[in-house]
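J.: These are the residues of each chain, in order.
Number of protein chains: 2
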Amino acid sequence: MSKKDHQLHKLFAPRGIAVIGASSKPGKVGYAIVRNLQSSGYAGEIYPINPKAEQILGYQCYDKVENIPPDKTVDLAVIALPAAAILEITKSCSKRGIHFIIVYSAGFKETGPEGAKLEAELKEFCRENDIALLGPNCVGLIDTHTPMNASFARSFSKKGNVAFISQSGAMLVAMMDMSELLELGFSHFVSLGNKTVLNEIDFLQYAAWDPNTAVIICYLEDIVDGKKFLDIAGSISLKKPVIILKSGSSSSGARAASSHTGSLAGADKAYSAAFKQSAVLRASSMEDMFDMAAAFSNQPLPKGNRIAVVTNSGGPGILTTDQIEELGMQMARFTAETSKELRNYLPYECSVYNPVDVLADTPRERFQFSLEKVINDPGVDGIITLLCPATAPPVELAQAIKDTFEKYPEKPILSAFMGGEEMQEGISLLRKAGLPCYSFPERAVIAMNGMVKYVQSIEALRQKNIHRKKTSVIEGLEETSYVNNMQKAQVKAIFYDALKERRVVLLEHEGAQILEAFGIKCAPTYLAKGPEMAAQIAEQIGFPVVLKIASPKILHKTDIGGVLVGVDNTQGVIQGFKDIIQRARHFLPDAPLYGVEVQKMMPQGTETIIGSSYDVQFGPMLVFGLGGIYVNLFEDVSLRLAANLTEKDVEEMISETKAYRLIKGFRGKSPLDLQSLKEATLKLAHLVLEFPEIKEMDINPLMVYEKGICAVDVKITLSHEINIQQQPVEEQKELLIDQLAERRS
Amino acid sequence: MSKKDHQLHKLFAPRGIAVIGASSKPGKVGYAIVRNLQSSGYAGEIYPINPKAEQILGYQCYDKVENIPPDKTVDLAVIALPAAAILEITKSCSKRGIHFIIVYSAGFKETGPEGAKLEAELKEFCRENDIALLGPNCVGLIDTHTPMNASFARSFSKKGNVAFISQSGAMLVAMMDMSELLELGFSHFVSLGNKTVLNEIDFLQYAAWDPNTAVIICYLEDIVDGKKFLDIAGSISLKKPVIILKSGSSSSGARAASSHTGSLAGADKAYSAAFKQSAVLRASSMEDMFDMAAAFSNQPLPKGNRIAVVTNSGGPGILTTDQIEELGMQMARFTAETSKELRNYLPYECSVYNPVDVLADTPRERFQFSLEKVINDPGVDGIITLLCPATAPPVELAQAIKDTFEKYPEKPILSAFMGGEEMQEGISLLRKAGLPCYSFPERAVIAMNGMVKYVQSIEALRQKNIHRKKTSVIEGLEETSYVNNMQKAQVKAIFYDALKERRVVLLEHEGAQILEAFGIKCAPTYLAKGPEMAAQIAEQIGFPVVLKIASPKILHKTDIGGVLVGVDNTQGVIQGFKDIIQRARHFLPDAPLYGVEVQKMMPQGTETIIGSSYDVQFGPMLVFGLGGIYVNLFEDVSLRLAANLTEKDVEEMISETKAYRLIKGFRGKSPLDLQSLKEATLKLAHLVLEFPEIKEMDINPLMVYEKGICAVDVKITLSHEINIQQQPVEEQKELLIDQLAERRS
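Chains as they are written, first to last, in the numbering used here: chain A, 386 to 1130; chain B, 386 to 1130.
Just chain A, same shape as in the assembly:
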């Protein structure tokens, strides 16, 4: 693909720009934009549009965009006019053949219903007329390679290979300003604004393609199209590291949930799961994001997680060791040869193990010798150097680091120079050479950890992709047709019955039927409408059984004496049925009673929970963890989005929990049937992807045995928004009607 091929490329490198709302008055946005385009060295033509001015900053003005002579190529229009004027101007641009537009103006949906209406109209027009619009309500766009500053921010960043896509304009400007201080170079900046037409997905894809970009960093408050994100983010990560700082974790806790799974899920966790499944690094702060960007921008990726520390002071060396281990990396173990060579060369007081302590009085030679030995040790994947004020000038030691890296550019070196003014020259020397240098050791460790985690997560993603191609898990399940249309129709029929009765919480025997339809083994559960029927069922499924009141209005069955466990004979079932119904009538005289559900009592196994909660952005999210009554106490759960889930993901998901240790055989016990558990989880993923109308569901407990699993208690809640007219779908209606007839008979 040639550089010109990407559909958004003209937005980043237009051949001519119309500045609509251009102004000759300093202080106005319309002035700042012309000035910024000019001062950024933009080489194309600039056409200020202003009916009252002749010239602005030396460029000839036009009264209307339509009046720019037709022989002039105008790829991009940037607009700084009041919100009310934007739609008409956009139409004019479209007429003039301009397909790329940046709108800076505020006054849209962020201001209320009127602005939202304006924005909706704008969006519709753009969609219909194939207009790629950035904004409105944004700071603009900057490309340091074109070069072009199509923003109203004064400054222009250092040129480099980091793309920054930001939902906060102010943060973008701050970082652009900071880039000089940090010697961190950017390829382009995008201020997303209201994301009316173009959104983060478009710009992630552009940055992935952009040959000038090597690292992508994003600040996001939300993701507009979660499912698309899941489809594309992984492949972008495989090309370039993507670091996302996502805000809003605190506001997502308030979600009301009717199930365990629901209360354990939550929107922010869905984002985390989406990032994890896509090998996207989630930054936990602005500082972390920029510190990681500096490392990725210039340094090679480490091949593994074994880190060596070379320091001229013991204390910071120990702190760095602590943190390396705390973050899950390893302190490298040197070969005997490295240790011997260091021992032979270094003064007796130096530590020749990791961290290597070359002492405060280190001359340049000693420092460089140690660094070279360490970087060449095959057991070392990355190096952190630490410097406190030393006898040798910091600039000499910085030079030693630079020389070593130039000689051996295969492994990343991150540094922390601690001190005052006298450190600055050395720090600057390193940064200019593309060697990140931080003020404190912990910053270097966090950045190194980002690189290590990226390498690990893309490796895992590659494995999953290979695996997916080989086995095509989710699709594979479909292909093998273990769930055929007949079985899907069974599920729909159950939903249909529930919705007809305006129930959104399914009864247990209905849940069991749904699971069985998808091949997940369940404790046999049937609805008995009378005591004799209950007895018959019990005899058929075998004793002992559990009896449970069946009513859409009774959610806490135990509280009203609606559950009887361990009933082991016919007479007990008959009497139990009557007792349960009587108690229910007594406590809740108005509740509709469907009868009593009779469930075969299953042997005790290890209790786990699997469930799903529907996330508005990303679709169904699965939960796995320790089950039983203490689920919410232990919160030992792991989450994954169902979309594109592979068996490897499920394996990973299970292995992140404490429940996994029980499954592997805790304290000498026999291991349990992990394979059946994984299959059940994948089948659940299939079920909830097939039926997005399942808002929440819990299987708790899902008993895991040495051989096999069994779902014992199934709770399924359908979405309130489900429209009965949509279900059943046309082509299966007939089948469904047959099914219904069969079930009713």
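There may be inaccurate statements among the hints.
Same chains, same names: a pair is fine if it fits in one copy or spans any two.
[What the hints assert, rightly or not] In silico lysine to aspartate or glutamate, EDC-like type, Cα no more than 16 Å apart, as pairs:
| hint | residue 1 | residue 2 |
| --- | --- | --- |
| 1 | Lys494 | Glu734 |
| 2 | Lys1043 | Glu1020 |
| 3 | Lys654 | Glu606 |
| 4 | Lys838 | Glu711 |
Please keep in mind that the hints were generated in silico from the structure rather than gathered at the bench.
Place chain B on chain A using the hints.
T.: For chain B alone, kept in the frame of chain A given last:
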């Protein structure tokens, strides 16, 4: 107390200083010290000691310290000579009447056995001759108020109120250098070196007393006298905030442990517990420590945890909100009046709720108005201001913050100014005015959180102290004599028997007797030597019972069929006894068998664990948490050092665990007997403080019931180092012999 009164004051403000090993050659330590003393503006006399020089830097030299004329006052000698010469020179100093010495020289215990010997001799001499020696192997000491730079570090810090005590000399120098950049002023710096005589305890006490110090920060690799630390640190915290950065967390995981408690404890956790119990803030990184120091140094303490954010950009505002809540602080809720006044004044697009967003184009007036309204809201305890590049110059907005703080100096304001060069003047203006300003919002949040946590923890400590005075818990228990000498003797007798038999792991019935002696209710457990005796015991304690093989060599009793539960009749006990013995003989023919322990089977309760593990620094450390077989799976535990433990500490300790939610009544169940649990924990604390020879002990499970508790399984391991000659102590020997006789009969 007058300033001159503190015993270490002459070390920080000596009236005359002898520089032994002074040199006239730049580059030598002995030169640097004289130069530093001179350039720091030290006002006392300086006496370089150098037999070969006439004068150094204008000061008259002496050949020996003894030859400084007797009419000259010399309070301090600083020594830069090889290690081998230090002891003799110290003796000379002592003869000259000098009681304060700083030794810079390396070559002591850090270099091996020979150096350790030198150091031990030096230590002994100092102790015997009342010499307060700092070092050896240190950078020295600096007091900015005296002023005096008695270190070999070139730079001299900005004067201020932060004391820095550091076990890393290099870190100290780095921070001294950084102080100018950060505008952070220090009162004094102490480089601890090998801590041969003076250690962190001495300097913590000095800093607590020092009128020039308001905040104490420490970098420590260990604490020499843990028990003393526990005695004094709390009272220091009540006077001044103490922030400690303790390294070495990664090396402490390797400890071998024979009990649950032991494996859950570990040295680094003991440090954390010690800090927590003393209201000391534990910093997690160098940056956190210094960012917190900047806040404490100049700002008033917040009265609570309700934080307001005033920002000119939305994105950083949301990130800050996330982090405030994540760290356990609260976003302040404004009064209706504040919101109304903000609404009336601010443009429509501004957010008038917390975070208050005054927009990027904020003029100074708007920013200051908002800040003043917010700081005066009674629901606000602290303010964080955030600034991204704005229309108004940052220096004007900095001035607005400064003016607001000067008008309303009751609440802390921390700021983050994000951006490049153009922010620097504003940042500098704030810092000079004592208003900490950070580069990223998360730094401000961490610093604010440090202040909030300090206020909360000293309040808790005050409550505990009041409580302790009122009830004198541990001592109180002693006073009420619920454990009398007779009962202590019972315990000692059991230890005596075990040690005679070279057992360090006690049998269960022994453990039960020990607990009973200290008033902790236990499942009745007795040793039966034959089947009939077992039957008798069972009949006496009541059925059902549990039978367990009793052998010091059989630790995993269940594995060899050595445990029988639920035995509910006499015949069963007799047969069970025989079966257990037979199986033990079969599997472990050489194990000595003491018989079978018969334990009353207790009703099922909520299983908790309480235990203790002896920490070499801090003495016994208690563990409380969820019990049962999954203790190590859940690791739901909370730790406290037993020394000075109050009922409040125990309450806090229990409430930190998930087990607490079960005890309070999980999901509608009845609450359990928290009071009995607390009492049992306090009694356990008493036991392990009384008997430090208990290396580790577990009570797991300790059943907690709606009424009462019961220890079911008790495992006590004694220290290997215990010397049988020390036990029993002389004055109780007779009593013990009686006891022994009684037990044997």
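J.: If a hint holds in the structure, say so; if it does not, say that too.
T.: Against the structure, the hints come out as follows:
For the identical chains of this complex, lysine 494 and glutamate 734 are inter-copy neighbours only, at 11 Å across copies versus 67 Å inside a copy, given an alpha-carbon limit of 16 Å. Taking CA atoms no more than 16 Å apart as the test, lysine 1043 paired with glutamate 1020 passes in both settings, with 10 Å inside one copy and 10 Å between copies. With identical chains, the CA atoms of lysine 654 and glutamate 606 are at most 16 Å apart within one copy only, with a shortest distance of 14 Å there and 37 Å across copies. Taking identical chains as interchangeable, the C-alpha atoms of lysine 838 and glutamate 711 lie at most 16 Å apart only when both belong to the same chain, with a minimum of 14 Å there against 23 Å between chains.
The structure meets every hint from the earlier list without exception.
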